[in-house]
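**Student:** The primary structure of each chain is shown beneath.
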Amino acid sequence: MSGTPTIARVGLTGLLVSFGDIMSEPANRAALAFRAAVEAEGWPEVSETMMTLVSVFVAVDLVTVPAEAVEERLRALLAEEDWFAAPLPAGRTLWHVPTVYGTDLAPQLEEAAGIAGLDPDEAIRQLSTARMRVLTLGFAPGQPYLGELPAVWDIPRQQGLTKSVPAGALVVAIRQLIIFTGPTPTGWRHVGQTAFRNFNQRAKMPFALSPGDELIFPAIERAAFDRLTATESYGAADREAIA
Amino acid sequence: MSGTLHVINAGPALSLQDRGRTGYLAKGLTRGGAVDQLALCEGAALLGQSPDCAAIEMMGMGGTFEADADTVIALTGAEMTATLDGAPLIWNASHALPAGAKLVIGGVRSGTYGYLHVAGGVDTALEMGARSAHLTAGIGAVLTAGDALPIPSAAARSGQHLTPDDRLSGGVIRMIPSFQSELFSPETRARFRTTQFRRDPRANRQGVRLDMPGEGFVAEGGLSIVSEIITTGDIQITGDGAPYVLMCESQTTGGYPRIGTVIPADLPKVAQAPAGVELCFELISLDAAIAIETRARAEVKALPSRIAPLVRDPHDIADLLGYQLVSGAVSATADPFATKGEQP
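Top to bottom, those sequences are chains E and U. Residues in the first sequence are numbered from 1 upward in steps of one, following this note's numbering. Residues in the second sequence are numbered from 1001 upward in steps of one, following this note's numbering.
Hints were generated in silico from the structure; no laboratory data involved. Predicted model, so just to flag it, every value in this text is computed and none were measured. Glycine is no exception: its CB is placed at the ideal position from the N, C-alpha and C atoms. Treat the hints with caution; some may be incorrect.
In silico contact screen, one side only, chain U against chain E (beta carbon under 7 Å); selected entries [to be verified]: (1) GLY1028; (2) LEU1135; (3) ILE1139; (4) THR1231; (5) ILE1290.
Between the sequences and the hints, there should be enough to build the whole structure, so can you do that?
**Tutor:** Next comes the structure, spelled out in structure tokens:
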């Protein structure tokens, strides 16, 4: 599946390369690969880049740099390959994040399983074995949008908001998972609780995750969870490099 | 000698701010920093220092401060009442702050965000490359009574003054198209440009909500657009049809459509507009925006050349009677021909 990427100006602050106008796995992979390619070019006028679900923002001071010149380079780079078919970039990390499913810590597991048409054990089996990828970070610092779960998890957000779910909460909707950075009111359903911290400004690496990183959420018992502390190695998550 | 600036009383929204943090957009963190970046530059010009120096941002209300070492301060941005040991201080100027003197900054008289600068800049430890509090991200926090801020030993001239261009009372805000503008029909966009808005009381470092008469604005794609990058100044139309101008502490991405983007030179005007003040939007081309921004940057660079010694208004001198104001004057009742020592 492919489409024609578009390039648009973002005010005076840069250019936006979009690989689609709705979230899709191929568009997200294309954005991930293309952002890595732009970073690798090391163009001096590019001050930073970021990716959203389906786009890459290339920050350039358009007050001093003509947009046409940057646009031309981006078009040339786009033409180099079919970005929708590009392999995932190197340098990513796989995280194993211990998670308690259900219990009073994550009270909406059964409700979410029911909407997905699964019994709770099967829901936990699927959630705890799915290998999820960071589609983008946003909303709060370091907060990952993770995709994609099996199609049965294409469940809507709930109508009302849950007043607050805690930091480290694992929530689900629309085949995606989020780990919340801080306590947040949300329409996503709270199915798991981790001790993972997306953002710690005092850590050497303040942001745990990068777009493209992958995560697995193995199930642990409540008693084991209680022994974890948030200060310990990102909530006792193990990480390994993805070769 | 370096010292400490003590916060003795604090209004509800005081925070340390500088130019913010760049390079973290990909991680979901916006730049933050002073809402009125021009005020930061004006303070730097008054004190003859780098605009990278951190200053205290005060929304609506100031606080009481005391330093334990002699320093020099500058006051910029929204005009607030200010006194030093009871004597009124002029805004947009630098003043000596002797050790132990009490600086009291009260309510805002015009505008929204005032700034208190100190010579050399407030010298707290850098956090992720900056000293500014990013309140929505939970980096740093608002300043409260009892806070002690390290200040360096730095020389600066007091008694300097700057007359800023007016940006404290709303008016016409120039905007350029957003990459999402065309999600709105031409009629909706035209109506947006002819609407007289008022700044809603709901405004903070994340965004400024605008009120309007009549119905809200609706994008044709509805609310189902894919979440996309936000840049500072984006005018986002939320679910109820009201616009929000997104400020320095906004989210990095958002799913509400943007009808336009305020040009950087007019952002301080949006930030400083007090609640209830009228604002309207003028659409300009990208080329025009580039020309305006080029000029604005040159003007910021030229700020030091606009600094002039303060000519004090006698009205503002508290101990006026202590001055010898009439030296050399003659008495109307005295006999000018009398020899010295003789009384008429």
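**Student:** So, for every hint listed, does it hold in this structure?
**Tutor:** Verification of the supplied hints:
Because the beta carbon of U/GLY1028 sits about 4 Å from the nearest beta carbon in chain E, less than 7 Å, this interface hint is met. Hint status for U/LEU1135 relative to chain E: violated, with the closest Cβ pair at about 12 Å, above 7 Å. Hint on U/ILE1139 holds. Least Cβ distance to chain E is approximately 5 Å, under the 7 Å limit. About 5 Å separates the beta-carbon of U/THR1231 from the nearest beta-carbon of chain E, less than 7 Å, and the hint is met.
Look at U/ILE1290: its Cβ gets to within about 5 Å of chain E, closer than 7 Å, so that hint holds up.
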